[in-house]
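There are 8 protein chains.
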Amino acid sequence: MDLEQLRLLLEQVASGETGPDEAVAALRDLPFADIDVAKVDHHRALRCGFPEVIFCQGKSPDQVRRVARELLENGDVLLATRADAAQYQAVARIADDARYVEDARVVVVDRRDDPPAEGRVLVASGGTADIPVAEEAAVCAEVMGNDVVRLWDVGVAGVHRLLAHQEELRNARVIIAVAGMEGALASVVAGMADAPVIAVPTSIGYGASFGGLAALLAMLNSCAGGVTVVNIDNGFGAAYAAAVICKKIYSDEQG
Amino acid sequence: MDLEQLRLLLEQVASGETGPDEAVAALRDLPFADIDVAKVDHHRALRCGFPEVIFCQGKSPDQVRRVARELLENGDVLLATRADAAQYQAVARIADDARYVEDARVVVVDRRDDPPAEGRVLVASGGTADIPVAEEAAVCAEVMGNDVVRLWDVGVAGVHRLLAHQEELRNARVIIAVAGMEGALASVVAGMADAPVIAVPTSIGYGASFGGLAALLAMLNSCAGGVTVVNIDNGFGAAYAAAVICKKIYSDEQG
Amino acid sequence: MDLEQLRLLLEQVASGETGPDEAVAALRDLPFADIDVAKVDHHRALRCGFPEVIFCQGKSPDQVRRVARELLENGDVLLATRADAAQYQAVARIADDARYVEDARVVVVDRRDDPPAEGRVLVASGGTADIPVAEEAAVCAEVMGNDVVRLWDVGVAGVHRLLAHQEELRNARVIIAVAGMEGALASVVAGMADAPVIAVPTSIGYGASFGGLAALLAMLNSCAGGVTVVNIDNGFGAAYAAAVICKKIYSDEQG
Amino acid sequence: MDLEQLRLLLEQVASGETGPDEAVAALRDLPFADIDVAKVDHHRALRCGFPEVIFCQGKSPDQVRRVARELLENGDVLLATRADAAQYQAVARIADDARYVEDARVVVVDRRDDPPAEGRVLVASGGTADIPVAEEAAVCAEVMGNDVVRLWDVGVAGVHRLLAHQEELRNARVIIAVAGMEGALASVVAGMADAPVIAVPTSIGYGASFGGLAALLAMLNSCAGGVTVVNIDNGFGAAYAAAVICKKIYSDEQG
Amino acid sequence: MDLEQLRLLLEQVASGETGPDEAVAALRDLPFADIDVAKVDHHRALRCGFPEVIFCQGKSPDQVRRVARELLENGDVLLATRADAAQYQAVARIADDARYVEDARVVVVDRRDDPPAEGRVLVASGGTADIPVAEEAAVCAEVMGNDVVRLWDVGVAGVHRLLAHQEELRNARVIIAVAGMEGALASVVAGMADAPVIAVPTSIGYGASFGGLAALLAMLNSCAGGVTVVNIDNGFGAAYAAAVICKKIYSDEQG
Amino acid sequence: MDLEQLRLLLEQVASGETGPDEAVAALRDLPFADIDVAKVDHHRALRCGFPEVIFCQGKSPDQVRRVARELLENGDVLLATRADAAQYQAVARIADDARYVEDARVVVVDRRDDPPAEGRVLVASGGTADIPVAEEAAVCAEVMGNDVVRLWDVGVAGVHRLLAHQEELRNARVIIAVAGMEGALASVVAGMADAPVIAVPTSIGYGASFGGLAALLAMLNSCAGGVTVVNIDNGFGAAYAAAVICKKIYSDEQG
Amino acid sequence: MDLEQLRLLLEQVASGETGPDEAVAALRDLPFADIDVAKVDHHRALRCGFPEVIFCQGKSPDQVRRVARELLENGDVLLATRADAAQYQAVARIADDARYVEDARVVVVDRRDDPPAEGRVLVASGGTADIPVAEEAAVCAEVMGNDVVRLWDVGVAGVHRLLAHQEELRNARVIIAVAGMEGALASVVAGMADAPVIAVPTSIGYGASFGGLAALLAMLNSCAGGVTVVNIDNGFGAAYAAAVICKKIYSDEQG
Amino acid sequence: MDLEQLRLLLEQVASGETGPDEAVAALRDLPFADIDVAKVDHHRALRCGFPEVIFCQGKSPDQVRRVARELLENGDVLLATRADAAQYQAVARIADDARYVEDARVVVVDRRDDPPAEGRVLVASGGTADIPVAEEAAVCAEVMGNDVVRLWDVGVAGVHRLLAHQEELRNARVIIAVAGMEGALASVVAGMADAPVIAVPTSIGYGASFGGLAALLAMLNSCAGGVTVVNIDNGFGAAYAAAVICKKIYSDEQG
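Residue numbers (my numbering), protein chains in the order written: chain W, 1 to 255; chain S, 1 to 255; chain V, 1 to 255; chain H, 1 to 255; chain G, 1 to 255; chain P, 1 to 255; chain R, 1 to 255; chain A, 1 to 255.
One thing to keep in mind: the hints can contain errors.
What the hints assert, rightly or not - With a Cα cut of at most 30 Å, we get these calculated DSBU-like pairs of lysine-lysine:
hint	chain 1	residue 1	chain 2	residue 2
1	P	59	H	59
2	S	59	V	59
3	P	59	R	59
4	G	59	V	59
5	A	59	G	59
6	W	59	R	59
7	W	59	H	59
8	A	59	S	59
In case anyone wonders, no lab produced these hints; they're calculated from the structure.
On a predicted model such as this, the values are computed, not experimentally measured, just so you know.
Input sequences plus hints: build the corresponding full structure.
The structure is reproduced here in structure tokens:
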């Protein structure tokens with residue numbers, strides 16, 4: 001039951017078509033959420049202008065293709081993460097403008113004439129092996145309407161490389177710091193900038209990195225202020241959080 | 001060497017007082033950071049308007065008092081976290097307007113005529129036992145210049161209590177979700193709002209909560225978008241990150 | 001807004017006192033939960049006949065006393081768990097019929113003339129050191145309206161002690177198996193009975209019991225069917241779950 | 001030695017055919033279990049009406065087929081879990097009415113004219129990826145004689161979806177809540193219903209879900225009463241526990 | 001029902017005093033264990049000649065004293081482990097020949113004229129800090145009837161100290177190797193001797209010893225054959241296992 | 001330098017051929033171990049009569065074959081563990097009497113006319129899936145000269161199955177208890193027998209068994225005396241330890 | 001901006017071509033690191049004479065080949081670690097003097113006429129299975145300019161094998177101790193030598209070695225002084241640290 | 001038996017006083033270690049010039065005093081670590097020149113006229129709370145004969161503070177990097193210097209630092225070469241390892 005239906009019901013009560021008792025029953029049992037709550041997440045998507053996202057892991061190429069078609073019929077943007085080549089092929093068959101960012105395992109279809117550009121997100125990554133996760137974050141942030149600056153290979157064992165990019169660090173609205181191994185990048189970056197830093201630990205490293213646990217714990221224990229953390233290898237999650245922040249800034253600026 | 005000293009040196013080069021070689025040597029060995037980099041964190045503090053913070057744990061009351069005096073001589077705000085009663089007493093002796101938020105173990109001195117109010121931060125907490133951490137987050141966010149709305153005791157076992165506060169959730173610029181035990185609050189809150197959600201796991205719970213590990217993992221694995229996480233019981237860290245976001249929004253709005 | 005108020009509003013709409021638009025606004029913004037959802041947990045408590053429970057840990061004696069007074073003014077049963085002697089004394093001052101089960105750290109006031117007795121719950125415990133948790137489970141289950149049979153000290157290193165009590169095991173509606181160390185009791189008990197078995201690992205044991213982790217994992221991996229597990233040392237939680245099952249059986253039998 | 005044989009022996013003692021000493025020796029050495037204890041688990045199966053179950057993991061298709069044939073010669077129901085396609089084919093060769101629930105990796109043969117239906121079990125699952133485990137729970141619960149209601153995709157990031165199904169939640173005798181990632185579903189569901197909730201953590205999630213550990217800990221720490229937990233991905237175990245509860249209710253109702 | 005009672009019953013059946021049916025009922029319901037099984041652990045204690053042991057942790061001095069009195073009235077040996085000074089005092093009040101091994105926190109009363117001496121147990125310990133656990137093992141093994149050789153402070157960082165004691169290592173029937181930190185003692189000892197080696201990890205060490213976990217894992221992964229492991233700090237457990245082995249050897253030698 | 005060489009040297013000193021100083025130098029620098037210590041492990045093998053063992057994991061079939069040939073040229077017994085089919089084939093090519101115990105992944109060649117039989121080892125296993133590890137223990141114990149009794153499928157969920165085999169349990173000199181999942185078998189068995197119990201946790205189980213950790217911790221925390229533990233899945237290690245114990249008993253009996 | 005450019009700028013200031021203000025601006029914004037800091041790691045490599053290293057894991061053969069070509073055009077040494085056969089083939093196509101150390105998965109090209117030989121590094125390894133990691137350490141240390149002594153298969157279960165090599169242990173400048181399982185080698189070696197010991201835990205072992213965690217913890221808890229630890233299986237890291245130490249010794253000796 | 005005794009024996013053989021057979025027996029059974037091996041650790045101490053160290057934890061003041069007296073009677077240096085005030089007082093009573101470094105919990109008596117000074121050790125620490133561990137490292141390194149440079153409070157969140165000290169970093173022979181929380185200091189320092197870096201994780205941090213585990217893992221996973229790690233909070237161990245390296249360098253320089 002949406003607002004229109006609610007209004008209709010109440011008009012029927014007003015007109016006597018429907019008795020109060022009957023209306024009480026209808027309202028009591030109605031899925032309350034349907035009036036407004038149910039729209040929360042749609043609402044959120046709408047306000048943020050984020051496209052629907054397909055998380056491909058564990059889906060057959062066929063399933064991915066069907067969801068993709070549905071989304072493209074109703075929208076002009078498609079973002080599919082954790083996509084392998086076969087899943088990309090499946091999408092490409094129905095959308096020949098689909099782009100596959102192989103490193104990041106992301107499929108993008110973007111048919112917007114004028115993609116929104118609410119904020120500048122800087123994505124920094126520690127080592128070459130972290131790039132797939134960093135690229136996932138970067139592509140997703142772009143599709144969600146942000147200008148993205150990529151700063152690859154600025155690990156803390158060579159701090160000067162970071163120092164050379166202080167300007168970019170200061171211009172960012174949100175910084176995403178992607179690093180495996182000892183995960184120190186987030187702390188160093190946060191010490192140099194005044195933007196919020198979203199840290200993404202990666203599962204890169206061997207031995208006692210324990211699948212990213214070392215970097216995760218390091219980032220949670222960052223001695224620098226303003227650092228928050230998402231799940232291991234979760235480039236998409238960091239991009240989403242960054243986009244929410246930028247969107248919030250943008251809408252506040254507008255409104 | 002600060003900018004003035006750099007200018008002086010260069011003027012001496014220009015006037016011939018100092019030869020280029022001598023200047024190369026001076027510049028080569030100068031602690032580069034001192035020109036500008038060294039000011040990064042001061043700079044950050046200045047731009048964000050955050051007061052210096054004393055982390056009291058492991059400090060003697062006397063040590064706390066001395067740092068506090070120094071800060072108050074040079075500023076009009078003081079924030080001391082993880083303070084016990086003795087540490088508060090030590091501060092109170094030199095600042096009779098010091099306020100002790102016992103639950104949160106925070107000491108505040110605020111002598112600003114017109115405290116900044118850049119953004120609205122909503123702090124939600126799951127259970128009664130989480131309030132000290134939540135209150136630490138709330139007080140710190142306030143001192144850092146934000147309007148704070150407190151939503152205590154809105155744990156997920158009674159979702160309706162959260163539903164009753166959807167308006168507040170939607171009006172927040174940043175939401176801090178504080179919860180121990182199963183830490184599900186962050187997910188539920190993020191599903192209802194469009195603001196960035198900073199999740200603070202607490203060490204509340206017994207048995208297999210393992211000192212907050214259960215809540216921490218739950219929050220990192222949140223199925224809701226836009227959730228980032230700070231360390232267990234780190235109310236201050238969440239407030240700082242929230243303040244950085246709000247400040248960023250505010251300064252973007254102004255500038 | 002409760003059902004009466006909803007009905008009132010709708011009658012006003014029917015009578016023209018309130019226009020449909022006004023009613024839409026009222027209904028749209030009303031905390032939906034308040035109609036019915038908000039009563040979920042009260043409702044649950046009511047249907048199950050469970051008294052309110054005070055979790056004393058981290059509360060001052062004074063706080064406990066105030067909550068206790070409020071509960072006793074509105075009800076005839078009080079259950080306070082994790083209570084120390086001081087907290088008990090605080091309750092005893094306002095209720096001289098308060099009983100303190102020291103082992104279990106539970107305070108009980110029961111003024112019901114005719115306490116409900118929906119089901120027979122058997123609480124078995126492995127070793128002497130597990131008794132506090134087992135007793136917490138037993139007392140709580142009793143207060144929640146169940147006949148409780150205690151089977152103390154029936155650890156698996158002497159299986160014959162369990163075999164001697166097969167009759168009781170078979171007569172139980174729900175069995176709570178409390179054990180620390182290797183936590184094998186749950187499996188052995190579940191192999192002998194046809195009632196659901198709720199396993200409570202305890203933190204008893206030294207060295208590699210890791211605060212109950214050993215027993216917890218053992219119980220989760222039980223090779224016997226029908227075993228479910230609650231948190232370490234959570235006697236109250238097991239009692240609550242047992243009471244929910246018995247209540248469900250009882251109400252289904254009645255209705 | 002069964003009861004008949006025991007009676008026979010005693011009659012021989014009564015008739016003088018066997019002397020008391022001889023009988024003492026026979027009874028002393030007899031495997032006591034054989035009188036009655038040995039039947040405990042058969043007995044349990046009989047009373048609960050549960051079919052024998054084949055756990056296929058680690059068995060060859062041939063082994064599965066042989067066990068299946070034996071079971072079907074002596075019964076009219078077959079349940080095989082963790083079965084892959086080859087194992088299903090092996091069963092299908094001897095039972096062309098075998099049904100393969102691929103998602104859940106369960107093989108079912110049900111030749112009962114009138115399957116028992118003791119209770120209504122509601123199986124709720126958080127995300128699409130949790131469905132295989134949820135479906136395992138659902139199919140197993142059905143074969144064990146329960147009406148099953150499936151509630152897929154009701155994760156906590158969209159609480160309204162759960163709110164829309166409150167009626168079903170309240171009508172269930174037992175609820176099985178299946179969720180990976182942050183595992184919060186169990187708490188939210190338990191807060192809305194008055195039935196016992198059996199929580200099944202799944203290994204779904206990436207990074208710091210650590211193979212289901214995050215969800216497992218969250219569920220063990222549920223702040224909602226009445227929640228008990230089974231092993232990670234153990235849909236069958238939850239179904240079995242649910243069936244034991246329902247059977248207990250049913251038999252108590254009947255007798 | 002013991003064997004005498006069983007015989008009596010069967011004689012009554014033989015004489016017609018009791019009918020077969022009545023006897024079936026009596027036998028069917030009798031706690032089977034009581035005939036013989038119930039004596040298993042007593043039996044074990046008897047055959048091994050081990051005194052009853054009081055595990056003092058968590059017991060009040062008064063409780064310890066009462067159990068001690070009961071044991072001493074029926075036997076001539078008392079062993080109490082994990083005893084603090086107050087618990088020892090309580091025992092001393094009823095047994096002035098009680099001896100307190102303070103390091104090992106063990107209380108011993110030994111009134112046997114001729115204590116058994118089945119085997120030679122060598123207890124080796126790595127560092128000074130491991131001695132309390134080693135001494136617990138040594139004293140317990142002695143009270144359980146073994147000659148004990150102590151080899152303190154033979155850690156692996158000075159292998160020559162061990163080499164100097166090869167003779168003792170070779171003469172032992174069972175070796176108990178007690179070590180914290182990296183727990184390597186068990187491997188080195190097992191490489192030098194042909195007796196079974198029971199390894200006891202201790203919680204000694206700091207930082208990443210994680211309460212004995214480091215030593216425990218090291219011992220479980222010993223590259224030397226013949227090493228088995230007991231729980232962290234479980235000197236008593238090692239002594240008990242050693243005594244069981246020696247007893248077995250002894251009784252086999254005798255019989 | 002062996003004993004003969006040492007004697008020779010000393011005779012040269014006695015005869016004046018070699019001066020004392022020269023001899024001091026020779027003795028000081030000689031690898032001490034070579035006199036006697038170096039023979040320790042050979043010695044051990046000799047006294048215990050254990051064949052050399054090939055641990056196949058990580059070796060090529062060719063490597064296995066070469067080691068096997070060498071061993072068989074110098075002995076009449078061969079034991080190869082963790083062997084796959086290819087490795088077995090490689091051995092079979094040079095020893096057509098090689099036997100492959102597929103389940104246990106063990107290759108055996110036994111050409112002894114009169115294999116030693118020092119002790120009776122009982123190997124009990126919990127579930128069908130534990131049999132490979134149990135069989136590894138059994139075969140290895142046999143080859144090392146023990147009579148082995150196998151007790152498969154006596155898990156604790158059906159305690160009566162164990163009760164039916166009390167006689168065998170009591171006749172064993174050493175018991176090896178192999179179990180995965182909750183690993184309770186060791187405790188129950190130790191409560192029924194008076195032989196030393198060596199517990200082998202297996203990696204069998206799913207979800208929170210964490211690769212055998214659950215069983216390992218349970219066994220380390222056994223509430224029954226006389227239980228010691230080896231590494232997860234280490235059937236060979238348990239057999240070796242059992243053989244060491246039996247050998248010790250046997251040699252003590254003989255000598 | 002390098003030193004030349006800095007000098008140029010200052011000369012322009014001296015000559016009046018550039019005003020002081022302009023120079024301040026240029027210097028303020030210049031990436032400071034570029035003057036000197038940026039050369040830190042190159043500098044380090046230069047002083048230590050270490051070749052550039054390619055970490056092959058996760059790179060395509062083609063990528064490895066391209067980096068290799070670049071390195072060989074500018075230098076005369078190439079070291080590639082974690083290389084598989086295909087990656088080696090790729091290098092061999094452009095450098096037919098490439099050598100593949102298969103065990104260690106290392107590719108080496110060494111065209112130096114006169115490789116430096118600063119120090120003697122002894123690499124000791126516990127078991128056969130540890131050799132790949134030990135060999136990686138050995139080869140890398142050689143390429144980095146050290147004489148390397150290999151001591152394979154000197155595990156602690158046969159301490160005499162180590163004792164026989166005391167001379168080599170004492171002659172080493174740095175010792176690398178590589179061991180899996182219980183990782184005790186580092187302690188025993190450190191007790192025999194006076195050189196710094198770098199311990200490398202390996203992931204060798206089964207069951208509760210947990211991928212090298214057992215050895216890692218053991219090494220961190222070494223009771224012997226002078227032991228430091230690198231990551232699990234990190235033979236390269238140990239070699240690098242050893243080379244840094246030797247280089248430091250060498251350069252101090254020279255200078 | 002020391003060398004003198006060995007010589008005496010051989011002279012007796014030469015003189016015929018002792019027969020070769022008798023000497024063989026004496027030598028065969030002599031504790032080999034006593035000739036030379038037994039002196040290994042003394043030898044080590046002598047060569048390195050390290051004083052004996054008392055590890056005070058778990059020792060009574062009286063025990064500490066007795067060991068201290070013994071050491072001071074035979075030497076002119078005393079180092080006692082993990083000493084509390086009472087233990088210091090006990091030492092002060094027998095050595096009024098004892099110095100107590102309270103922060104570091106270290107007691108030092110240094111009566112050398114001319115303490116050795118082999119190398120320059122730089123100790124860097126991340127935060128104020130890490131100073132006790134860093135100071136322990138610094139004091140111990142000094143007593144072991146090194147010049148020590150302290151660099152306190154140079155955490156990675158303000159990298160410029162480190163940059164300002166590049167000269168000191170480059171002049172060090174060994175660097176000890178002490179840091180808790182995210183432990184990133186080691187990586188950043190190693191990237192700036194060419195000395196070996198010994199990393200000491202501290203237990204400083206809250207929540208998910210898990211007693212130093214976060215810093216430990218980070219340091220083990222350092223992306224910078226030349227970093228090795230010691231146990232959590234083990235300042236003494238790092239100092240010892242640093243001293244071993246410096247000693248090695250020094251002795252190589254001399255000899």
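Consistency of the hints with the structure:
no.: 1; hint: P:59 <-> H:59; in the structure: holds, 27 Å
no.: 2; hint: S:59 <-> V:59; in the structure: holds, 27 Å
no.: 3; hint: P:59 <-> R:59; in the structure: holds, 27 Å
no.: 4; hint: G:59 <-> V:59; in the structure: holds, 27 Å
no.: 5; hint: A:59 <-> G:59; in the structure: holds, 27 Å
no.: 6; hint: W:59 <-> R:59; in the structure: holds, 27 Å
no.: 7; hint: W:59 <-> H:59; in the structure: holds, 27 Å
no.: 8; hint: A:59 <-> S:59; in the structure: holds, 27 Å
Consistency with the previously given hints is maintained throughout, with no hint failing.
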